[in-house]
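Residue numbers (the working numbering), protein chains in the order written: chain F, 1 to 161; chain X, 1001 to 1552.
Derived by calculation from the structure, the hints in this document are not laboratory data.
Even for Gly, the Cβ is constructed at its ideal location relative to N, Cα and C.
Check each hint, because a few of them may be wrong.
Computed spacing ranges between beta-carbons, pair by pair [as the list claims (entries may be wrong)]:
no., chain 1, residue 1, chain 2, residue 2, range
1, X, Asp1013, F, Lys3, 27 to 37 Å
2, X, Arg1242, F, Ile10, 30 to 40 Å
3, X, Gln1224, F, Val80, 30 to 40 Å
Covered, in the sense of this in silico footprint (three residues per stretch, anywhere, with C-beta under 8 Å from a C-beta of chain F), are these stretches of chain X [what the hints assert, rightly or not]:
no., segment
4, 1033-1042
5, 1356-1368
Simulated coverage check for chain F against chain X, where a stretch passes if three residues somewhere in it have a Cβ under 8 Å from a Cβ of chain X [stated by the list, open to error]:
no., segment
6, 78-88
7, 141-151
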Amino acid sequence: MRKIIKDRQIVTDDWQHLEDETVLPATGNITVSITRWQKQHDRLRLHEGSLGVRLSGNDPLEDIVADLPFLQLVVLQFPVFTDGRCYSYARLLRERYHFAGEIRAQGDVLQDQLFYMSQCGINSFELAATERLTEALAAFDVFSESYQATVLRPDPLYRRR
Amino acid sequence: MYQYDAYDQAMIDQRVAQFRDQTNRFLAGELTEDQFRPLRLMNGLYIQTHAPMLRVAVPYGMLSSRQVRKIAELARRYDKGYVHFTTRQNLQMNWPKLEDVPDILAELASVQMHAIQSSGNCVRNTTSDHLAGVNINEVEDPRPWAEIIRQWSTFHPEFAYLPRKFKIAVIGSSEDRAATKLHDIGLQLVKNQQGEVGFEVLVGGGLGRTPVIGEQIRPFLEKQDLLSYLDAILRVYNRFGRRDNKYKARIKITVREHGIDHIRQLVEDEWADNRDRLRLDNQEIERVKQFFTQPDYQLDATDSDSDYDILLQQDKAFALWVRQNTADHKVPGYRVAYISLKRPGQAPGDITSEQLEVVAELADEFNFGEVRSTHTQNLVYTDVKQTDLYALWLRLHAEDLATPNINTLTDIICCPGLDYCSLANASSIALSKDISQQYDEPNDLHELGDIKIKLSGCMNGCAHQSVGHIGILGVDKKGEEWYQFTLGGSSEADARLGERLGRAIPKEKVLTTVSQLLDVYRDLRQEEESFLATVHRIGVEPFKERVYAEDH
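Bound conformation, chain F alone (with noise of 0.2 Å):
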């Protein structure tokens, strides 16, 4: 079973991400591509089991939103570390759409971004490198303060001095 980093915490993963060419399962937590869901979206409502969409920088997030309260998480694809587009795509879900479920980065996701992914409000994880995830726990904590207001400090920094 696949390991993560959720919630600063290495877990198994309960989540399938389903090829758009597999069959359903009868059960479980399924995520599938934007593509699918946007066919397939009255039919996966009906799953028993949770739903998450996949997505990346180049799938507008816009399309979505209106389906956000029947989704437990949103994956978020860095095909390249450097691809910084779901970094807003983070922050709009839980800024502006109130997204309270699970945001996850898959793809090229390095230990190095990880402390600005969380600020983002991504916070679930699917290292590149599996067997790093012990060392990727710290940093978390790489800094201990933020000159702005991000997801998990709300408040810029000069409220706090």
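Put chain X on the given structure of chain F with help from the hints.
Just chain X now, with coordinates in the frame of chain F:
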């Protein structure tokens, strides 16, 4: 100037620890070169032709004497005893060892300095007018705003992996010494019709391969809305800036492809949502402002007994320096005094550790312990008592820091070029040395007046050649160095791109070409007309005819 509190200090100390760990992991093979590169760039570290290059941030150009002494020490200990000042008011060390960089950063942190975001695809060091606070025409001192932007942009979690680098400059008057119109965001403090002070916001300026003058996105922004509006622009850019081609990834291209009206709409929509949440507290604005109060000016500075006027009469060299290298100050009896880093034969912007130590000493003695770096790769003391000028000049002169050439032909902006940079196609430093040696007669320089030569060794344009009064761009032609000239560019309030003179010129003819351009100017100028005004009046044609005459 701004002083760190425990929060600021903790964050830069933690950054040093983070980078030390990253460097160790890279050296141990746990991080690949591709994984390490963006991390080291966000700490100012390039891998160059000969060695790594470390770019140290100098926020809006402000340096204390203590910081200058530390830089001198680090340059001696970890480098070859000199540093280089850049057009964005930062400084560069050209020869540090990769494994020493964490120690260098730790030393810098001990004097409230860092290399954070001085490179990489993130928000870079915020620059400003080097005469901020002493400029008589200022609507308001821009430095508190530059500091507020510095803090907002430092470690911004959402904007660390932008499509490309992002540069912001802020000025307090319509005199533009910071090239704001050539920045991704240019901010100018302005007064609206109600007499309130806010920002005019430009977006999409930039140099490099596709030079573009920034366009106005908002004529007036309330001060409290500064960060929410910047956040909105950055988010639109982060989402919609191109990531498929690094030469089309700057916001200038995003603006060009979408059109300024569409970008403005996207930003306004974004801003509508962020505006209240990110509105700046007045208390914070006041807190930052108190770091930029006036120094203890001596109000009777003009009255004190002094032989300043006599010295001006008696010492021609001193008088020349005062005329060329000092400028007016808003307080009577004080002047601004430039330290020229453009001595003939010198690499523009370079300064040795010994010179830095003298600069620090003189800052303590004559300038309230501060010195600033300028966009034009010089240093400046902004608060010198007129009666101290002679003593200051003598000491600067002894250190070769008093070449009277500020804003003249030999005050050249120059990139490191082929000598250091792995991107360069042609050398630039050698040519700038040639030009400065050819024109080393102060009175000639004065007579030619304000002429800005900008010389880049490749089309990335680090020396801003496309906005030089005379722009010179090195190009590679079958392994030979050739130079493309442009005329009539400006990076100031009248910002515009220079026009091509004609086809590229071989290296051995560059000096002749410069002299031909100056001849045409001397022949055709009207009275006190500047070089730039002459070019704009008569166009490039007369210059072209002279330079390419023998080809006919």
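These are the hints, each one checked on the structure:
1. Checked against the hint of 27 to 37 Å, the pair aspartate 1013 of chain X and lysine 3 of chain F passes, with Cβ atoms roughly 32 Å apart.
2. Between arginine 1242 of chain X and isoleucine 10 of chain F, the C-beta spacing of about 37 Å keeps the proposed range 30 to 40 Å intact.
3. Remark: the range hint 30 to 40 Å for glutamine 1224 of chain X to valine 80 of chain F is upheld by a beta-carbon distance near 37 Å.
4. As drawn, the segment 1033-1042 of chain X meets chain F at 3 residues by the rule of a beta-carbon pair under 8 Å; at three or more, the given contact holds.
5. Restraint check on the segment 1356-1368 of chain X versus chain F: 0 residues with Cβ-Cβ distances below 8 Å, three needed, restraint violated.
6. Coverage of the segment 78-88 of chain F by chain X holds [criterion: at least 3 residues with CB-CB distance below 8 Å; count 7].
7. Only residues whose C-beta sits within less than 8 Å of a C-beta in chain X count toward coverage, and the segment 141-151 of chain F has 9 of them, enough to reach three; the restraint holds.
Of the numbered hints stated above, the single one contradicted by the structure is hint 5.
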